[in-house]
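Asks: Sequences listed follow chains A and B, in order.
First residue of the first sequence: 16, per the working numbering; consecutive thereafter.
First residue of the second sequence: 3, per the working numbering; consecutive thereafter.
Note that these hints are calculated values from the structure, not bench results.
Positions of the beta carbon are idealized from the N, C-alpha and C atoms, including for glycine.
Where hints are given, some of them may not hold.
As the list claims (entries may be wrong) - Label-pair restraints from in silico Cβ distances:
hint, chain 1, residue 1, chain 2, residue 2, range
1, B, Ala112, A, Ser65, 21 to 27 Å
2, B, Ala202, A, Ser65, 53 to 59 Å
3, B, Ile107, A, Asp36, 19 to 25 Å
Unchecked claim - Which chain B residues stay away from chain A? Per the calculated CB distances, all over 10 Å, these:
hint, residue
4, Leu44
5, Pro45
6, Ala48
7, Pro55
8, Arg77
9, Phe83
10, Gly84
11, Ser85
12, Glu96
13, Asp97
14, Asp111
15, Gln131
16, Asn168
17, Asp179
18, His186
19, Asp193
What the hints assert, rightly or not - Here chain B is said to cover these stretches of chain A; the calculated rule only asks that three of the stretch's residues, wherever they fall, bring their Cβ under 8 Å from a Cβ of chain B:
hint, stretch
20, 30 to 41
21, 61 to 70
The residues making up each chain are set out below.
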Amino acid sequence: MAIERSSGTSNVIDVLDRVLDKGIVIDAWVRLSLVGIDLMTVEARIVVASIATYLQYSAAVGEVAQASAPRPSASGQNRLVGRRVPIRARPPAFPA
Amino acid sequence: MSRMVKRTSRPKTPAADAKRGRPAPAQAASRVIREETPGSHLPAGATRTPGAPPASSDKRGKYVYCIVRADEALRFGPIGFGSPPGEVYTVLYEDIAAVVSDAPIEVLDATRENVLAHERVNEAVMRYQTVIPMSFGTVFKTRDDIVELLRGAHGAFQDVLSKMENKVEFGLKVLWDRDAMIRHIEHDDEDIRRLKSEIATQKGSTYFARVQYGRLVDGALQSRSEQYVSEIFEALRDVCVASRANKPIGDKMIMNAAFLVDRDREAAFDARVKNLGAKYDTLTFRYTGPWPPYNFVNIRLKLERAK
Numbered sequence: 016m017a018i019e020r021s022s023g024t025s026n027v028i029d030v031l032d033r034v035l036d037k038g039i040v041i042d043a044w045v046r047l048s049l050v051g052i053d054l055m056t057v058e059a060r061i062v063v064a065s066i067a068t069y070l071q072y073s074a075a076v077g078e079v080a081q082a083s084a085p086r087p088s089a090s091g092q093n094r095l096v097g098r099r100v101p102i103r104a105r106p107p108a109f110p111a
Numbered sequence: 003m004s005r006m007v008k009r010t011s012r013p014k015t016p017a018a019d020a021k022r023g024r025p026a027p028a029q030a031a032s033r034v035i036r037e038e039t040p041g042s043h044l045p046a047g048a049t050r051t052p053g054a055p056p057a058s059s060d061k062r063g064k065y066v067y068c069i070v071r072a073d074e075a076l077r078f079g080p081i082g083f084g085s086p087p088g089e090v091y092t093v094l095y096e097d098i099a100a101v102v103s104d105a106p107i108e109v110l111d112a113t114r115e116n117v118l119a120h121e122r123v124n125e126a127v128m129r130y131q132t133v134i135p136m137s138f139g140t141v142f143k144t145r146d147d148i149v150e151l152l153r154g155a156h157g158a159f160q161d162v163l164s165k166m167e168n169k170v171e172f173g174l175k176v177l178w179d180r181d182a183m184i185r186h187i188e189h190d191d192e193d194i195r196r197l198k199s200e201i202a203t204q205k206g207s208t209y210f211a212r213v214q215y216g217r218l219v220d221g222a223l224q225s226r227s228e229q230y231v232s233e234i235f236e237a238l239r240d241v242c243v244a245s246r247a248n249k250p251i252g253d254k255m256i257m258n259a260a261f262l263v264d265r266d267r268e269a270a271f272d273a274r275v276k277n278l279g280a281k282y283d284t285l286t287f288r289y290t291g292p293w294p295p296y297n298f299v300n301i302r303l304k305l306e307r308a309k
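When you get a sec, could you build the whole thing from the sequences and use the hints?
Replies: Have a look at this one:
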C-alpha cells in the first residue's frame, strides 16, 4: 500500500501544523490558569465555546480549492521581474 | 527529475526493501512521497488493557492527549512523556474517557520530543479506537478537573466521536518547480514568449515590458496552480469523507490539504494518490498519514466561573 516512505525532520513540521491549534483547544489564557495556583473545579466549570467538524467541506470542495490557490502579490511580481531579467549595466532610460 | 525525489536520510536496509516486497518504484510513482507519521511504529510497551490508574497518580498533574469512548478504565502502557516514559491511562466519565499521563504542573514546552510524544500517544491509541485529539500542552491539576472537562463537554465529545468513528486523516502537500513551470508557460504562451524576446533584444528601456511580462507570468502561474488544485481535489472527492484546504507554505507549494478518509477506503485513497502522482509528472506529492482527525475537529472550550 505504501508508495514511497521517508522519515525525517519534515515530519515535525507536519506534527506542529496539527497539534498546536487543532483538535480540542482550551483557550490559551485558560490553559495558563489551569496550571496556575488557584483554579479548581469548585470554582470553575468547562463550557463548550464552539464546535465544528468540517464535514460540510466535502460538499464545497470546488470553492475550497479556489480559495486555497496562491494569489499574486505586488512583491511577488517584483521578485519575478527581478529574477528573470538580467540586470543591465547602464540604468534604464525612463521615457519622459 | 531525480532531484524531486526526496528519500529518507536513514539508510534503507536490504531487509526493509525485501519486506516491502516490491521492485524499485517507477519514476512517476517515486514523485509521490508517503511519509511516516511519528507513531507509525508502535512505541515499545504500547498495549491496551483494562486496568486501574497507577498508584502514585493523584499527586501530580495530568496531561491530556485525547478523548475516546470507553466503558472501563484502560491502560496503554509506558508511552507518555518523560524519561522513563510515563504510564498512559484513562480518566473515565460515563461512557467517555480522557487519555492521560502524569506530568509536572507547569507549562509544557513545545519541544521536538514533547510534540512527538503527544502525537505518538495519539497514534498508538488510534490503532485501537477512534480518538478526538487534544491540542498540545493541556495539563490539568487533578483527576477531578478532567472529570469536570468530560462532564462539561460530554455532548460535544459524543457528537464528534460518532462523526469521526472509523475515520482517519491524511495530509497531502503538492509542490511544483516554479522555474520549470515558468519555462513551460513561456513555451506555451505566445504573448509571453514574444515579450521575453522583446526584452532580450530591445535596446532602450525594457521597464514596461518587464512589468507586463511579470504580470502575465504571474497570472498564468496562478491559473495553472488553481487548475491543478481543483483537479486533484476532484480526483479524490469520492474516496474521502471530507477535505480541507490549508494555506500553502512557501513558493513551491500549491496545495496543502487534509482529507478525512474512512478506514475501509484507505486503500482506495492510497491508490488514487498514486495515480495522481503518475498523471502529474511535474508535481511532487508529499503524503502523510494516517493522522488523528486534527483538521476536522474544532472544539473550543473555555472556563467559566461556577456560581
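Asks: I'd like to know which numbered hints this structure contradicts. Please list them from smallest to largest.
Replies: Nothing - there is no hint that the structure violates, so all of them hold.
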